[in-house]
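> Order-wise, the sequence lines are chains A and B. Counting in UniProt numbering, the first sequence runs from 1 upward without gaps. Counting in UniProt numbering, the second sequence runs from 1 upward without gaps.
In short, the hints are calculated from the structure, not lab data. C-beta atoms are modelled at their ideal positions from N, C-alpha and C, and glycine is treated no differently. Hints may contain errors.
Dumping the calculated DSBU-like pairs for lysine-lysine here, alpha-carbon to alpha-carbon at most 35 Å [claimed, not checked]:
1) B:307 - B:319
2) B:39 - B:6
3) B:319 - B:37
4) A:253 - B:168
5) B:6 - B:132
6) A:177 - B:6
7) A:253 - B:132
8) B:39 - A:177
9) A:177 - B:405
10) A:77 - B:307
11) A:341 - B:132
12) A:77 - B:8
13) A:252 - B:6
14) A:341 - B:319
15) B:37 - A:177
16) A:253 - A:177
17) B:8 - A:177
18) B:132 - A:252
19) B:39 - B:168
Residues from chain B shown here face chain A by an in silico Cβ test under 8 Å; the list is partial [to be verified]:
20) 196
21) 200
22) 300
So the chains spell out like this:
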Amino acid sequence: MIAPGDEAGFASAIDAAAAARTPLTIEGLGSKGGFLRPTQTADTLSTRNFAGIPLYAPQELIITARAGTTLAAVEAKLDEGGQHLIAEPPQYAFLDAPDQTIGGIVAANLSGPRRIAWGAMRDHLMGIRAATGRGEIIRSGGRVLKNVTGLDLCKLFAGSYGTLGVITELTLKILPKPEATGTVMIRGLRPDDAVRALSVALGSPFSVSGAAYLPQEAAMAVGFENTVTIARIEDFAASVAYRTEALAGLLKKFGPADILDTPASLTLWRAVRDAEPLPIQPGDAVWKISVRPSYGASILHAGHAAGLFGYLDWGGGLVFLTGPATDEAHAAVIAAARRAKGEWWLLRAPERLRLSEDAMPRIPPGLAAIRQRVVAAFDPAGILNPGRMFAA
Amino acid sequence: MISLPKPKADVLARRDAVHQGLRAIMRDRGVITDPTKLKPYETDGLSAYRQMPLAVVLPETTEDVAAILRFCHENGVRVVPRGAGTSLAGGALPLEDAVVIGMMRMNRIVEVNYRDRYAVVQAGVTNLGITKAVEADGFFYAPDPSSQLACMIGGNIGMNSGGAHCLKYGVTANNVLGIKLVTIEGEILELGGTHLDTAGYDWLGIVIGSEGQLGIATEITVRILRAPEGTRAMLAAFDGNEVAGACVDAIISSGIIPVALEFMDRPAIHACEAFAHAGYPLDAEAMLIIEVEGSVAEQDWLLGRIKEICARFNPISLKVSQSAEESAAIWKGRKGAFGAVGRISPDYLCMDGTIPTSTLPLVLRRIGEMSAQYGLQVANIFHAGDGNLHPLIMFDANDPASMHKAEAFGADILCLCVEVGGCLTGEHGVGVEKRDLMRVQFTEIELEQQRRVKSAFDPEWLLNTAKVFPLQPGTASAGPDALPQAA
């Protein structure tokens, strides 16, 4: 493993690999090695030794971190200023990893429940420095909230899984932590009614920042006996008190609501964020599906018919499913996502399935040609994480 | 003066054939070739630059756009996409050898879905038109550029437009779920959809803000949001820019993210007050407009806290709006700022750069010094929450020396923005206006990487040529090397 301690080290490692045409696996701490397709390379280039926070400007609502900085270290730093990462990136329970790097989270564009109200990781990525597959260091974006100078290459890097270049440093927009968090919870709803209730909540003027549904198996995994439909509000304490009451009133046609206080809410939403409600067995696969919210319930039904269990976040727009890592289950997930005009990711599975099957939807031919040219623009020798997103 | 590329002689020689080809595609509708009728298209919001295009085509469907682009691609004809023509950076400035594709006839709201909170609209729908279509049901489309009454969503995609409310709700890129994009080869791509996250690369992210360099957006799926229970604005006036800047920092550090936080300096206050009679304090050096939202009780509480914070900075005056009418008056002054400055100066250049907010006092001081040095007045209007400056440089276009000085002054301000850690443009785009300054912000390696991405979408560089990237003969990259500069 090559793990440079400075930026030039990334450029020269990539340069050498490009000259020798030997592909590299790009990673941080390796926590997401189970996502998508495995790479088969001679060497690994890791950001793990390139850590630190060169800039934290609370009044400007920004933080700059080197890619190898752990999520925990970034969060600890922000905690000092009473601030947090807006997209509340998950630390998935099924990763079996103690921590992740901030570079890895951005490269995978991972966002938690707040995505529905405040945007994804990519929405808060303001600037990057990266070593491209040409062994060149480039900057894109910057440290200001609004920037339309030239092509926004930052966005391409968010969600690119290290296939265009190695992000070496990144600047994120951050926000003050809310004073309080409250949750309106309705028990016992069926999936269709739950999504309808969440749609009413998200269509209300009360700034709902989390909207999830846990069917019975998922609810039981986090200590409830029956299904729960939950909507979160984060703000100043007085606002949270007022808005949760008002929201419970608005939702009363769906059933009586409980209101969870700040500590109970924080615990529950951390679990939802980290996919803890998934009833995962050893050897099981995990899929993530992004759809229009009103199709979420139908995906749960289709999953159930294929022997899979899961839950809904993002008002129904994000479906987690888990179950046996079989070709049939995989095909069922793809079919359900396709029927709903949504997209899917294979987040965990034994290597056999990840090598033999697609790990995300194939790209239509017109876009695939552009994709190929874009990859070549950054990594002409094709040495960065080949096969990670799509079969090479 | 900004130079434009030499037109392709072979294309000019085929003018009639190009016109005929376009008419055949458009079934004789919506093709403009008559010089008198082309006149309105010769410039955009950067009216100092004018150029008659080869033709203007007004497509009505995505398929029209695809057929036109395919034709232009096959015939090596350059294309300039155009929305409402409100670009202040010359983003829609025509070229003599280019076909302008005007999107204004594609102005239909295709679908509104409240349950999933999105709307599908054609590129020629105005920004405000989206909100108008959903506001009766309590919803709105969040990004709100000052030109929102006129500017079109397709242009907003091109420039990744923002506005006063971005601090809370983000810019265009944060509010778009899907784009139907037509490539120069005439291929129709569906990027994103009606869901939040898309597998693979973030194509929406690279297309939004690409200034028509990568394709033409014909249909856009935007997120619509439920409007808050109410909003209310307040004014806080100070006797110095520095103290007003410190007050902005204190508000944000307190955990309050106002829905808007606008900063105006003394010349801007005076110009806007003379125009809108909004009750702005004329004895102030700097003024903040702060807007909050929520229920009436929440507004009271938040404005009360903000008043307490402002009070720590010895304000000259604090005025909390007591009604929707008073709030509207406060915004009328701000939203009318460009028109207001137009009343006190024959012409003005509206600059657009972004700075780290901590450098605000330094930047305003340096702009003041430059104003004295150039002998040109400047009014500063500023999205203080996000560091987006809009200095309005006043000059007289009938005096070439004055215009030349104004442009040099503007360039100095933008270089200053980059020097303090900001960027050349926050929301207007690079267009032709800032094209030659790109080297101030980017290294040649960085520019070359952007050019390669442009080439991946548009290998022959036919789309909005001569915008965004500095013209440079003799490089190895596709595109610009084929663009000899005008003598």
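> List, from low to high, the hint numbers that the structure doesn't satisfy.
Hints 3, 5, 6, 8, 9, 12, 13, 14, 15, 17, 19, 22 are the ones this structure does not satisfy, whereas the remaining hints hold.
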